[in-house]
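As they're listed, the protein sequences go chains Y and R.
The numbering of the first sequence is numbering that gives the first Met the number 0, which starts it at 0 and goes up by one.
The numbering of the second sequence is numbering that gives the first Met the number 0, which starts it at 0 and goes up by one.
Simulated from the structure, these hints should not be mistaken for laboratory data.
A few of these clues could be false.
Sample of chain R residues lacking proximity to chain Y, with all beta carbon distances greater than 10 Å (derived) [claimed, not checked]:
(1) I45
(2) T48
(3) T101
(4) L147
(5) F153
What follows is a list of derived Cβ distance ranges for each label pair [claimed, not checked]:
(6) P4/R / L19/Y: 29 to 35 Å
(7) L22/Y / L134/R: 20 to 26 Å
(8) H100/Y / D2/R: 46 to 52 Å
(9) A9/Y / F115/R: 38 to 44 Å
Note that the structure is predicted; figures quoted are calculated from it, not measured.
No residue lacks a Cβ here, since even glycine has one placed at the ideal position from N, Cα and C.
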Amino acid sequence: MRLDIILRVAAKFILAPLLLFALYVQFHGDYGPGGGFQAGVIAAAAVILYALINGQAAAERIVPGPLVERLVPAGVLIYAAVGVVSMILGDNFLDYDHLAHDTVHGQEWGVFLVEAGVFVTVFSSMIAIFYAFAGRRPT
Amino acid sequence: MTDAPLIAEALLSLVLMGFIAVLAVAILRVRGLLALVILLGAYSFIMATFFVVLDAVDVAMTEASVGAGISTVLFLGALYLTGHGEADRQRRIVPILVSGITALVLVWGMSDLPDFGSADQPIHAKGADYLERSLPDTGIPNVVTAVLASYRGFDTLGETAVVFTAAIGVMVLLRRRGERS
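Chain Y extracted, bound-state conformation (with noise of 0.2 Å):
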């Protein structure tokens, strides 16, 4: 199936700047609105507008089915995982302070990783979800 050339056109430019605003939410959420759960939906959407636009087996050749789903509880691993390491570094669950050499940049350190773990499994979940649906054929 033949989808409208101009819609194929302005997706293809579309894409680059939204997956480039994506990363820009997730880094600057220190200094600006966002973080990264805003662009990890950002990025799954520069994704999903793929797949609408070329069909689901192409943008699984790009963001593979299988791989998202391990993707999903990654994320949360790695948001656990420097929870675990601030314990095992003498402080509480969670408590950044001596995740690097000053307390503030132990800070700085900690709420960038956490940010790192929300995307990757807010990303993967709304592409699975996503992915769910459309690999259905109406019954």
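Here the structure of chain Y is known, so what remains is to put chain R in place on it, guided by the hints.
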């Protein structure tokens, strides 16, 4: 300083709330499910704009991307699977009663909320501490991020687990037995 910005903000809020009310009525009355999904997306997007007016930019971003973006796509996917037609409407008394009573309880509960913009609430007395503490403690200028990821890191771990659970639940429900996606 004049009150002009405040009046402009109040006017903007009124216009946006008017849009939201019109859309809510339209959502109730529209028959085609495709149009309904588009209206729900528009509703979310105006809601997101309203959150920006209320200075809740993080919430606005979430509402715009999840409410107007991903949800619309998922609704469209569900429509593709189930069909665009709405079943014939029947007026049933029990659902009307349940929603009426729920609405009354919500309005009754709203009478306990603090006045809009009231500064002398406990949440401002206790919460304002973070505004002073977060930058020296964490080195993060955005207080929302500092509270979410550091002071309330355990809550956010729980939220991430909720997203994880939702994804697992949908995958388990929608995938047929023996079928590898």
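Structure-based check of each hint:
At the 10 Å boundary, the C-beta of I45/R stays outside the reach of chain Y, the nearest C-beta of that chain being 18 Å off. No beta-carbon of chain Y is positioned within 10 Å of the beta-carbon of T48/R; the least distance is around 14 Å. Separation of T101/R from chain Y is adequate, the least Cβ-Cβ distance of about 28 Å exceeding the 10 Å criterion. Not every C-beta of chain Y lies more than 10 Å from that of L147/R, the closest at about 7 Å, which undercuts listing it as non-interface.
With a closest Cβ-Cβ approach of about 6 Å to chain Y, F153/R is found to fall inside the 10 Å limit, against its non-interface label. Taking 29 to 35 Å as the suggested C-beta distance range, the pair P4/R and L19/Y conforms, at roughly 33 Å. At roughly 24 Å, the beta carbons of L22/Y and L134/R sit within the given window of 20 to 26 Å. Roughly 50 Å separates the CB atoms of H100/Y and D2/R, a value that falls within the hinted 46 to 52 Å.
About 41 Å separates the C-beta atoms of A9/Y and F115/R, a value consistent with the hinted range of 38 to 44 Å.
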